[in-house]
Amino acid sequence: MTLATLRAYAPWQLRELVPRAFVSVAMFIVFAGIPVFATMHAQRNNPDFDPNALGKILKMVYVGVTPLCLTLGAFLFMTRSIAEDRERNYVRFIFSHPVSPVPFYLNRFVAGLALFTLCFLPVPLVVRYYFGADVPVLGTVVAKLATLVLIGGLTTLCAALTAKDGLALILVYMGTQLLQQLSAQGILYEWLQPIVRGLPPVESLKLVVKSLIEGTDWPVTDLVHVFGYGIGLLVAGLLVIRRAPLVR
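Per the working numbering, the sequence shown starts with residue 1, numbered consecutively.
Derived from the structure by calculation, the hints contain no laboratory data. Check each hint, because a few of them may be wrong.
Derived BS3-like pairs (lysine-lysine); straight-line CA-CA distance at most 30 Å [what the hints assert, rightly or not]:
(1) LYS164 to LYS206
(2) LYS59 to LYS210
(3) LYS59 to LYS164
(4) LYS210 to LYS56
(5) LYS56 to LYS164
Cβ pair distances, simulated, as ranges [what the hints assert, rightly or not]:
(6) GLN193 to ARG15: 17 to 27 Å
(7) GLY186 to VAL126: 37 to 47 Å
(8) LEU14 to ASP134: 28 to 38 Å
(9) TYR129 to PRO194: 38 to 48 Å
(10) VAL196 to LEU118: 34 to 44 Å
(11) GLU190 to VAL126: 41 to 51 Å
Cβ coordinates follow ideal geometry from the N, Cα and C atoms, glycine included.
Start from the sequences, fold in the hints, and give me the full structure.
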């Protein structure tokens, strides 16, 4: 299979991915716009209100809302792609041509990663340079990439193993988060601790995203852990796709 073959499928993949890529932007506009608008509306007749405070309000809302938008956006963006290919029998005609599933889904993953990042990029740029809020643009980009790599890799593995990838992703993600929080509080059995440490670094991802979006720190060790684990999940998912039948 050549790059020309993958490029031929790229427009079809993008038509599927583009609407999903703007979900996180829409969520940010709703979740951040409502409290900011309500605050400005409530203070419009207050003579002591400083108009320059808008930047501080926006930063506070941005720090609180952006991690949620990135996480939910990554969930909605990455799930159902492989499952829908199965349900609609797309796999029968896609892979009846000289196209291998592994490069096809890897190409979709990389295109989705770039598209998701580019679609959300105007948000920190507008908030920083138009509204004057001191929010980190580069930190937000890295936080987006870390979120999508980990959740996207986990979704790929869930989709390779089960037709209900969305449900499997939620169960694994929420279960892992709960276990890691209990582990941090020291209320788990000792024999469970090594198992919990081997689970996807959901709590590390939360720390990374919070630090990068607040602009307080660059936790390099946690970043390497999150990216490395996410890529490992992606590779594992692609290996399962290569070995296991897509039509079940």
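The hints, checked one at a time:
{"no.": "1", "hint": "LYS164 to LYS206", "verdict": "holds (25 Å)"}
{"no.": "2", "hint": "LYS59 to LYS210", "verdict": "holds (13 Å)"}
{"no.": "3", "hint": "LYS59 to LYS164", "verdict": "violated (37 Å)"}
{"no.": "4", "hint": "LYS210 to LYS56", "verdict": "holds (17 Å)"}
{"no.": "5", "hint": "LYS56 to LYS164", "verdict": "violated (42 Å)"}
{"no.": "6", "hint": "GLN193 to ARG15: 17 to 27 Å", "verdict": "violated (46 Å)"}
{"no.": "7", "hint": "GLY186 to VAL126: 37 to 47 Å", "verdict": "holds (43 Å)"}
{"no.": "8", "hint": "LEU14 to ASP134: 28 to 38 Å", "verdict": "holds (34 Å)"}
{"no.": "9", "hint": "TYR129 to PRO194: 38 to 48 Å", "verdict": "holds (47 Å)"}
{"no.": "10", "hint": "VAL196 to LEU118: 34 to 44 Å", "verdict": "holds (35 Å)"}
{"no.": "11", "hint": "GLU190 to VAL126: 41 to 51 Å", "verdict": "holds (49 Å)"}
Checked against the numbered hints listed earlier, the structure breaks hints 3, 5 and 6; every other hint is satisfied.
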